[in-house]
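Dock chain one against chain two, each of which comes alone in its own frame, and use the hints as you go.
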Amino acid sequence: MITVRRGGVAVSLLAAAALMLSGCSGGTADDSEDTVKVGMLHSLSGTMAISEVTVRDAVKLAIDEINADGGVLGRQIEPIEEDGASEPAVFAEKAEKLLQSDGVATVFGGWTSASRQAMLPVFEGNNGLLWYPVQYEGLESSPNIVYTGATTNQQIIPALDYLREQGYTKLYLVGSDYVFPRTANQIITAYAKAHDMEIVAEEYTPLGHTEYSTIANAIASSDADAVFNTLNGDSNVSFFQQLRSAGVGPEDVPVLSVSVAEEEVGGIGTDNIAGHLVAWNYYQTTDTPANAEFVAAFQEAYGEDRVTSDPMQSAYNAVYLWKAAVEKAGSFEVDAVREALDGITLDAPEGTITIDGATQHVYKIARIGQIGEDGLITEVWNSGEPIKPDPYLEGYDWAADL
Amino acid sequence: MRTVDTINQLLAQLPVGLSIGAVLLLAALGLNFTFGQMGVINMAHGELIMVGAYTAFVAQAWVGLPSSYALLVALPAAFAVTGLLGLALEAGLIRHFYGRPLDTLLLTFGIGLVLQQLARDVFGAPNVSVPAPPWLAGGLTVAGMHLPYARLFILALAAACVAATAYYLSRSRSGRRMRAVIHNRDLAAVSGIAVRRVDAATFFLGSGLAGVAGVALTLIGPTGPTTGTNYIVDAFLVVVVGGLGQLRGTVLAAFALGLLNAMVEPWSGASLAKVVVFAAIIVFLQLRPQGMFTVRTRALT
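Sequence lines, in order, name chains Z and X. Basically the numbering used here = 1-based index in the first sequence + 1. Basically the numbering used here = 1-based index in the second sequence + 204.
In isolation and in its complexed conformation, chain X is listed as follows (with noise of 0.2 angstroms):
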């Protein structure tokens, strides 16, 4: 009977996790690209994301959109707009840095705090409401768990994304010349690749992922000049524990950090989960400092 009872709440659970998983996997994608394969300890991660978030928030209080679609806008738009900032800043400040991680974690803080303190000054200090479409609202129930819809839809907006990166690494030529130059960017480099090109697109697509999870995560929490900082720690974990550059290893930490919290918070009580997921991390990259998956290269560095 107690193992019954165990077995499903664990159960009941697992929804939990995966919708845990998919927003820290919508946080960290971008992170996957700037920090995970170009090796920019990119601080600002979690105010492009902030930047994402406003973008919502702009289509329909600036723009006036009605709720019912404006979300759906807001994930293009947001998308251009932080992967054109990235691209300016990858392009005026952090591409002057490159080689110097210390320093360019330092410049990227700064970068994070400057467009804080923006968003303040534009948007005022208190946080701003973005309202979910009307059709996100309820949910279903399915064997007696209950689905909320918003978190269906950011599990399907994350799968999304994945499928489309993947699509986009393995199949275009902008793609694999992407993987060429993190494989081996010398070698990438004299067969006529130019990476400083390539560089600025990794930038602008990390960058523009950062805006998509900004938009989603206006579902499911608040929208202020602060709301990246909630999210910039889970993401690097996740890039981590993933493997620098894998993202594989993105969606498999994902959905692994996501189901864990999930399983231990209802004995344990928030507070604690945090510190067992923490503890496990810890104890995972004693064993496995290099993450889940590693790029197979052949530089020696």
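The shape of chain Z in the complex, shown without the other chains (with noise of 0.2 angstroms):
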């Protein structure tokens, strides 16, 4: 009897430790020396595939372009593809089997913030480092993610500097029921009441909500002079339709959407959004020699039919980012790769973008643009100087009770 659990004991142990050994090889480096894998962890299903597979497409694109390009310090870059499937415990699940059973050296991935903040404990307790691609609401700054999206100051702060600017003080606020739009608008309330702005009004509709009559009679009849829109997904589809019905277009009201980009105007009808505006920090249009190859080669990829969007490009850049870090770095080792992001700098798509290395986010120039009748979004304005991320807002007077 004894033995025999002795044994098993032994074996229990041999495989522990075996399994540590293997643990070990794969979490800094490849055991094979010609490629390093990385890990991709995007939603292929359920109802956020929509969006992350337009994301997963660029980042394998910029995989296939380094790879054809001689790979990262001499290896090629090994994708190893997981579906997040629109549910964060899923993201945390895939996450560690990708950093424990897989080794990867990084994950790109993730959308939503809930996904986003499911899988942050999995990266702090295995040190392992996530590219995130999309604007968020701020207010976070892991070691272990490197936010290439716009932070709060990058996207809604200029936006409503943009409005204040074109004389629009009357602000009705129109967002999904979740933390995103929840707190994008404590921001916007706070920012209107220090620059003698008013908000008409602020409603919340459950995510995939379909019935925008009360909201867009209630905007057609207020005295707003401008909408504020913080609505995700399928819903946007819907509101646009439902207030041009009601009468509403672009000259009386328009609104600024967040969260509407190329991808999407397709789906609401060009016919209903045309004229509106929309906040982002790059638009397939935008003006650089970056973004002419990017557009062109992605298009050679994936169809003459395809639109390139902001967190598309995000997650674009964050492959090329990466790739610089680990050549400063000259190792894929996480706490080298980690020292050496500060100061990384892309001629990306977009601009020229920088890594913050204290907050491990990215400057990034601001954008306005004005949706056109043929679908592409066309910038009105610009920030000028790429704005420098500030998460937590300490740049701010007036966010400070946020």
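Just so you know, not all the hints are guaranteed correct.
Simulated restraints on C-beta separations [claimed, not checked]:
id, chain 1, residue 1, chain 2, residue 2, range
1, X, L288, Z, D162, 31 to 39 angstroms
2, X, W471, Z, H196, 28 to 36 angstroms
3, Z, E252, X, L310, 47 to 55 angstroms
4, X, D307, Z, T379, 50 to 58 angstroms
Covered stretches of chain Z (in silico footprint by chain X; criterion: 3 or more residues with CB under 8 angstroms from a CB of chain X, positions within the stretch not fixed) [unchecked claim]:
id, segment
5, 58-69
6, 202-216
7, 244-251
8, 263-271
Pairs of lysine-lysine residues, derived as DSBU-like cross-links and limited to a Cα-Cα distance of at most 35 angstroms, are as follows [to be verified]:
id, chain 1, residue 1, chain 2, residue 2
9, Z, K38, Z, K61
10, Z, K324, Z, K194
11, Z, K171, X, K478
12, X, K478, Z, K194
13, Z, K324, Z, K61
14, Z, K98, Z, K329
Just so you know, the hints here were simulated from the structure itself, not pulled from any lab data. A quick note: this is a predicted structure, and the numbers were derived from the prediction, not measured. Glycine is no exception: its CB is placed at the ideal position from the N, C-alpha and C atoms.
Right, dumping it as structure tokens:
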């Protein structure tokens, strides 16, 4: 009896040791010398697949380009793809799998704040490195995440500056009922208070809501001169269709959206949304040499009818930023790469971007765009200089209470 | 003064409530047949709506009909397409699961997922755009209330569908057979009615109505692989509150829920309005589990 047990313990100890060994070797670099494994973790199924598949395509394009160009530190990138399935819990589970059993050097992925927050403890616990490509609500800065999308002071605050410059002072806030719109509207309300603007109303609808008659009528009969829209996903289609039916056009009350990009405009219908405004850091029409190459390469890889959007571009940049950091560090080791992050610059499609090592966010130019009849977005305003990321809004007096 | 304001505001919400009701009614009308009358917990109903919506897309983008009348062509086309699809599902799969409600639930849920993925493969994951006919763009203003033409069209379409089904059920031979099978299946069978054929016809009709709803919903909502999931829960609520298999119950329940939603929303916001409607439904079903109307039947079950 006892001997058998001892044998069992010995076997399991051996197994554990083997696991640890494989874990160690996998954690830093791959056993085979000619490839390096990276994780791609996007929702390929479920409600977020619509958006996240486009980001996956952009990441894949960057990896293919780098591989064709000789790889990173002479090694080919070997992407390992997992499906987050639009479920935060699945994101956490797959992130754990990528870090522990695949031993990837880094992971590109995530879209919703819920998925990022679910993955955060996994990356911190395993000392992994996640590149998160989407604009978000700020108030976060993890040493294990690099945020290549905009934080609030690079998107929402410039958008408010723009509206104020144009003479809009009465805002109607419409948003989906979850963390990003509620945080964004808190910031907007504080900004309005400090800058003599008026918030006429603040309305939230459940995710996936399709009935906007009441809100559209309320906007039509209110004295608001602009709408700040933080609706997410399909709801935008119903909102813009029903707003137009209610007789509200962009010349009466322009709607400024922060979650509507090129990819969504097609589904909303250009006749419903043409003339309205959006706030991002990149548009397909952004005029830089790097963007001309990016759009051409993307359409060659995935089809002439495909459009490029801000999150796709941020995800594409992430792969190149990671490559630059690895080369600067001379190592795939997470700690070494993190040390190397500060000050890395890239001539990206959106212009020159630089990583701020302290927050692990990126300096970006803010851009306001207007949606055209052809479904593309043209820039009507930009911030000129790249804006320093300030996820906790420490540089704004009025935001002290947030 | 205050009460006058309140009454005015309630009146202004009246057309909104009616138009929400009309959308609910269209979405639930087909389900009234497949779930209400046949007892099939048809989770794929939303996907049949989705197929109808894509029929409107195909009529414009692939066949190339101009948007001015593509919608009108798409309505009967969608009825035929989803009707036949429903018929095929009934004959090929669902028929083998009659009398096993839980298995049917899983089966139709699976069918729904398969249809969603098919739509994703054929049309791509992003939503597609189905431009509304130009003559449905604006709206008219009556006594200070703005009535969008798109909503009036949906209201008229819902009324037409209800009238047509009511006429079919009460006046046509096959409609009367359908009612006979609902009231007492065994007695209908021994009276010489081919109950299997009636089952198939009922499923065809219910699925076809889902297609019609899908076309109409392109006017006010997104058209994408998950379009159906936006409406399926509401459709079930309407059918259950109205009473299974009861046409007038479905009509009344749809407008009651639509009006309640519209009346509550200006004060509470959209999220809470949904909660209030759900709470009202729970209370109502506690008091009247069978719904507004029930079939008077001699069957003991």
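How the hints compare with the structure:
{"no.": "1", "hint": "L288/X - D162/Z: 31 to 39 angstroms", "in the structure": "56 angstroms, violated"}
{"no.": "2", "hint": "W471/X - H196/Z: 28 to 36 angstroms", "in the structure": "30 angstroms, holds"}
{"no.": "3", "hint": "E252/Z - L310/X: 47 to 55 angstroms", "in the structure": "51 angstroms, holds"}
{"no.": "4", "hint": "D307/X - T379/Z: 50 to 58 angstroms", "in the structure": "55 angstroms, holds"}
{"no.": "5", "hint": "58-69", "in the structure": "violated (count 0)"}
{"no.": "6", "hint": "202-216", "in the structure": "holds (count 11)"}
{"no.": "7", "hint": "244-251", "in the structure": "holds (count 4)"}
{"no.": "8", "hint": "263-271", "in the structure": "holds (count 7)"}
{"no.": "9", "hint": "K38/Z - K61/Z", "in the structure": "13 angstroms, holds"}
{"no.": "10", "hint": "K324/Z - K194/Z", "in the structure": "43 angstroms, violated"}
{"no.": "11", "hint": "K171/Z - K478/X", "in the structure": "28 angstroms, holds"}
{"no.": "12", "hint": "K478/X - K194/Z", "in the structure": "31 angstroms, holds"}
{"no.": "13", "hint": "K324/Z - K61/Z", "in the structure": "14 angstroms, holds"}
{"no.": "14", "hint": "K98/Z - K329/Z", "in the structure": "28 angstroms, holds"}
Taken one by one, the earlier hints fail for this structure at numbers 1, 5, 10, listed in ascending order.
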